[in-house]
Amino acid sequence: MITLRALTKRFGETTAVDELTVDIGPGRVTGFLGPNGAGKSTTMRLILGLDRPTAGQALIGGRPYRELRRPLHEIGALLDARALHPARSGRAHLFAMAASNGIPKRRVDEVLATVGLDDRAAAKPARALSLGMGQRLGIAGALLGDPPVLMFDEPVNGLDPDGVRWIRQLSRSLAAEGRTVLISSHLMSEMQQTADWLVVLGQGRLIADAPTAQVITGSGLAVRVRSPRPAGLAALADRLTAAGAVVESGETDELTVTGSTVERIGELAYELGVPLHELAAQEASLERAFMALTADHVEYPAGAGGAA
Amino acid sequence: MTTIRAEWTKLRTVRSTWWTVLASVVLMAAAAGQLAIYVANGNTNDDPSDDAGVVPVGTVLVDSLELVQYAVLALGLLMITSEFTTGTIRTTLQCTPSRGRLLLAKAAVTAAVTFGLGLLLGGAGALVASPVLGEWGAVPAAGTLRDVVALAAYLALIGVLALGLGAVLRSAVLTLTVLLAVLMIVPVSLREPDINALHRIADALPGEAGKHLLAGDGQPYPPVVALLLLAGWAAVALLAGRAALHRRDA
Numbered sequence: 001m002i003t004l005r006a007l008t009k010r011f012g013e014t015t016a017v018d019e020l021t022v023d024i025g026p027g028r029v030t031g032f033l034g035p036n037g038a039g040k041s042t043t044m045r046l047i048l049g050l051d052r053p054t055a056g057q058a059l060i061g062g063r064p065y066r067e068l069r070r071p072l073h074e075i076g077a078l079l080d081a082r083a084l085h086p087a088r089s090g091r092a093h094l095f096a097m098a099a100s101n102g103i104p105k106r107r108v109d110e111v112l113a114t115v116g117l118d119d120r121a122a123a124k125p126a127r128a129l130s131l132g133m134g135q136r137l138g139i140a141g142a143l144l145g146d147p148p149v150l151m152f153d154e155p156v157n158g159l160d161p162d163g164v165r166w167i168r169q170l171s172r173s174l175a176a177e178g179r180t181v182l183i184s185s186h187l188m189s190e191m192q193q194t195a196d197w198l199v200v201l202g203q204g205r206l207i208a209d210a211p212t213a214q215v216i217t218g219s220g221l222a223v224r225v226r227s228p229r230p231a232g233l234a235a236l237a238d239r240l241t242a243a244g245a246v247v248e249s250g251e252t253d254e255l256t257v258t259g260s261t262v263e264r265i266g267e268l269a270y271e272l273g274v275p276l277h278e279l280a281a282q283e284a285s286l287e288r289a290f291m292a293l294t295a296d297h298v299e300y301p302a303g304a305g306g307a308a
Numbered sequence: 001m002t003t004i005r006a007e008w009t010k011l012r013t014v015r016s017t018w019w020t021v022l023a024s025v026v027l028m029a030a031a032a033g034q035l036a037i038y039v040a041n042g043n044t045n046d047d048p049s050d051d052a053g054v055v056p057v058g059t060v061l062v063d064s065l066e067l068v069q070y071a072v073l074a075l076g077l078l079m080i081t082s083e084f085t086t087g088t089i090r091t092t093l094q095c096t097p098s099r100g101r102l103l104l105a106k107a108a109v110t111a112a113v114t115f116g117l118g119l120l121l122g123g124a125g126a127l128v129a130s131p132v133l134g135e136w137g138a139v140p141a142a143g144t145l146r147d148v149v150a151l152a153a154y155l156a157l158i159g160v161l162a163l164g165l166g167a168v169l170r171s172a173v174l175t176l177t178v179l180l181a182v183l184m185i186v187p188v189s190l191r192e193p194d195i196n197a198l199h200r201i202a203d204a205l206p207g208e209a210g211k212h213l214l215a216g217d218g219q220p221y222p223p224v225v226a227l228l229l230l231a232g233w234a235a236v237a238l239l240a241g242r243a244a245l246h247r248r249d250a
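These protein sequence lines are chains D and U, in that order.
Take 1 as the starting number for the first sequence in the UniProt record's numbering and just add one per residue.
Take 1 as the starting number for the second sequence in the UniProt record's numbering and just add one per residue.
Calculated from the structure, these hints are not laboratory results.
The model shown is predicted, which means the values in this text are computed figures rather than measured ones.
It cannot be assumed that every hint is accurate.
[Claimed, not checked] Simulated crosslink set (SDA-like; lysine to any residue; CA at most 20 Å straight-line):
no.	chain 1	residue 1	chain 2	residue 2
1	D	K105	D	F95
2	U	K211	U	L174
3	D	K124	U	R146
4	D	K105	U	T9
5	D	K105	U	D249
6	D	K105	U	R146
7	D	K124	U	K211
8	D	K124	U	D63
9	U	K211	U	A240
10	D	K124	U	A181
11	U	K211	U	R170
12	D	K124	U	M1
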């Protein structure tokens, strides 16, 4: 369980994390979502006590990170897979981590096997590791202390499709064992497939804290509208926007509308006398929901902190 | 103890550590050999004004250290600055969130390694210097042992000083520059105008305390005071390093 209470971090004038209050609960994969610069990484660094909060608190199992004595047994984290000493082997890196928390050496071989790094790869100096192997090494380090909480910052970066699938399965099985799993990403399709729950951040503020399915459908399904008359389409767009829907124009003869329904748009088109060549509900996607969310900065009241 | 073991693991699993050790031993052998040749030449040439007479081998060792100490200092400051350049400081602080415990463990490893290295350097230097000195060298057992142990203690304490300073400054180049200034340039500048008060200040600086410790001359203070002064400087550097690690984002 990760608990954030009015967590705030300012760097000079800029506010990276703004009064963030949220609980990351156990037994599910929580996706930590937001555009680059939304404050995801800063939040994770605050959780690990690497940055000092300007105000508020970040707690792991009820305690601040800096008070943990053997923290690898409480929370395992992968922040930056590139942060390795280039001349030290992956195995030595893990040995040092294990030694610091009184973890027996054989556990290093166990986690290396779990992440699929063989003896040859683990003996290489870190500079010779690919980004994907570095990610696996980082995850091995996170698993060392068999912690109840795991946190991965952009873990699928640099992984091939096999690696991406592996991360997804690993995250799911860790959550199924009852652990708290927090994964940040800016890849929405990936989150849609992996996360049961989403915490969405925009400009350091909490935008959504709800089950993934609810976030996707919550902003309404998207509807695709095509018409040969651009002027009519523009008029339709104006009316829809005025009614609170979000309208994106793609091709000149096409609109994508969220926050409305096929029925409502059809009636409006009839009213305005706009001939339609297509009026179809799109498959719901997190990407669209996310754009609608961040465009409006709507807060998601539903389900906050529930179902833990 | 777990943190000490982790720091020792990190130090020994990087090849540059062993290159630094090797480099300092080679440097010591070369410097001691050269200084011994100077002594022997001075005593045997036609110019009686540069005769040094019979020289204790410890003096040659101490003089050689003037240069060799910087290779050993590098070991101390790299313990922490390399963590900042590679980003491993974040993993390290994840494993050991207590900044004080981390720095103490690093200090223990640095001190132990540089002390051991000091003994090795003393032995290697004596081994090279005594045959070169020949009849002009004296190797009194107790005196030489005292010189070698003092040398090792000096290296251990300035190694810890370098570590603390590195934690504050975070950059290896900057730390080495400041160390060079504190150990050599500042005391020399302070002595330049030959004012009593400035001499006193210079005497209190770590480099000068080291010289008095190594010389064992008892002037202006006994070696024990020199040792305490050095230890005090090392402790201050560690405290400053801890404060910096605590306050600043990693």
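Evaluated hints:
1. Proposed proximity of K105 of chain D and F95 of chain D is supported: the alpha carbons are some 7 Å apart, at most 20 Å.
2. Under the criterion of a C-alpha separation no larger than 20 Å, the hint pairing K211 of chain U with L174 of chain U is inconsistent with the structure, at around 24 Å.
3. Only pairs whose Cα atoms come within 20 Å are accepted, and K124 of chain D paired with R146 of chain U is rejected, the gap being roughly 44 Å.
4. Between K105 of chain D and T9 of chain U, the direct Cα distance comes to roughly 12 Å. Compliance with the 20 Å bound is thereby established for this hinted pair.
5. Between K105 of chain D and D249 of chain U, the direct Cα distance comes to roughly 31 Å. Violation of the 20 Å bound is thereby established for this hinted pair.
6. A C-alpha spacing of about 41 Å is found between K105 of chain D and R146 of chain U, which places the hinted pair above 20 Å, so the restraint is violated.
7. Only pairs whose Cα atoms come within 20 Å are accepted, and K124 of chain D paired with K211 of chain U is rejected, the gap being roughly 44 Å.
8. The straight-line distance between the Cα atoms of K124 of chain D and D63 of chain U is roughly 41 Å, outside the 20 Å bound, and the hint therefore fails.
9. Distance restraint check for K211 of chain U and A240 of chain U: the Cα-Cα separation of roughly 24 Å exceeds the 20 Å cut-off, and the hinted pair is therefore not satisfied.
10. Straight-line distance between C-alpha atoms of K124 of chain D and A181 of chain U comes to about 39 Å, which puts the hinted pair past the 20 Å bound.
11. Proposed proximity of K211 of chain U and R170 of chain U is contradicted: the alpha carbons are some 27 Å apart, above 20 Å.
12. Restraint check: the Cα-Cα separation between K124 of chain D and M1 of chain U comes to about 28 Å, which exceeds 20 Å; the hinted pair is violated.
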